[in-house]
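Chains as they are written, first to last, in the working numbering: chain R, 37 to 237; chain A, 541 to 593.
In short, the hints are calculated from the structure, not lab data. There may be inaccurate statements among the hints.
Covered stretches of chain A (in silico footprint by chain R; criterion: 3 or more residues with CB under 8 Å from a CB of chain R, positions within the stretch not fixed) [unchecked claim]: (1) 559-566; (2) 572-582.
Derived coverage of chain R by chain A (criterion: at least 3 residues anywhere in the stretch with Cβ under 8 Å from a Cβ of chain A; other residues may be distant) [as the list claims (entries may be wrong)]: (3) 80-91; (4) 212-226.
Being a predicted model, the structure only gives us computed values, none of them experimental. Idealized CB from N, CA, C, for every residue including glycine.
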Amino acid sequence: MKEPILTPEAARVLNFVGLLCLIGVLVGAYIYQFSYRELPCTLCLLQRLAMLGVAFGAALNLTFGPQPRYYGLCLVSAVFGIGVAVRQTLLHINPYFDTDIGQPTLEVTTNPPFGSPVFGLDLYVWGVVVFAVAILAIGVALMFRGQFEPVEEEPEWFERLAAIAAILLFAMASVETISALLECGFGDCPNDGSWNWWAFH
Amino acid sequence: MMTLTYALLAVAAFLLWWRKAEWGWIAVLVALGLGIVIFVGDVDFSQNLGIRL
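Okay, chain A solo, but in the shape it has when bound (with noise of 0.2 Å):
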């Protein structure tokens, strides 16, 4: 999932340089909700707050 997010940043940048496409604020909160994901997949909160969810 981490190449797809990046890869959506690329795609956006691209356009907004070939483009001027505006939309690509869109793509970045689009990113960084793939990334708020993958981060919260990593924490592992059953084990770090010692809480069984």
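Isolated chain R, as found in the complex (with noise of 0.2 Å):
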């Protein structure tokens, strides 16, 4: 029998690396907003939330085996985190709405950017970059069959490599609650980026 051009192995290393990527990007959107001392608006929120979609979505892949309900997942959240982000950089792009405000107007403005950019792009520009390299990633892994092939014995590193994905997953969920909940408490978030601690007012 011929031998598929992505094993189920191939696909188990590459979904884990995806993931680490996610993770990455989320703990150095982190690392910035701590060390800016610039707290994420409700879309920036909603992008994180859409990253730990795909993450979930490898994860799952991870576990499981890769299956295309899994695949479809990661890409679902993908799409929807590409809509908030198109969203929120056509929101600056757009002279006729004061981001200030929060509200389009007459007057032509300038728009500042929302915190402050990462090699020369905004969060939420790096938010479209890495949504779109995400669904292209996600449909070229789809064109290849030979990964959804059953494997007979499983080696013992799926297990392993399943459970650390994991535990990364909730380690990043829950550091995301506690800050959600620290920043938004269970209501509506700020969208002006301030400094405000839900808990300690």
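Relying on the hints, combine the two individually framed chains into one complex.
Here is the structure:
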């Protein structure tokens, strides 16, 4: 029998690398949040949520073996994420939208970007790039059917990789939950990017 | 609501690790659904699209 191009083993490794990249982006956003003292806005938090959704799909692929359903979950999360990121980018491009008051205006405005740029691009523009790359990668990955073949004897590192992925995902989701609780409480999140921890008010 | 959405993902991730609970994919879909509700609430269509709902 001809060996598939993308074996189940290779697919797992690629899913793990993708998950590490997404966790890396989220950790980077955290470092940025604390070092620049800029709290994420609602749209920023929704993009992080979408990144966790994509990472969750990858973790499911690692735990139960690659399945189209889990890639679909990654894709749905990435499409949601790119929708949010594109909206936030457009808000800052549109000269007839005043981001300070969060409403359209008849005066031409120069909307300042939200937060400081990273390597010349604002974080929400990076969000568009990350989600576009994720959609492309998932689309390409779905072209290879060999990864969906059942594995007769699963090596031990499959389980280890899956456990590491799930723990990383749990740690990141927990930290985001605590951060969202402190910033937003159980209501709407503030959109001014200021340092107003809900719990200390 | 953002906090609850993240909490749902955290619980699903924990159970994926501890119990290998496969239903986590449904939790992610629910979380994304909540995300859409938050997103729509943030957009304020009546202002942004110039229409009154």
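Against the structure, the hints come out as follows:
1. 559-566: holds (count 4)
2. 572-582: holds (count 7)
3. 80-91: holds (count 6)
4. 212-226: holds (count 10)
Consistency note: the structure conflicts with none of the earlier hints.
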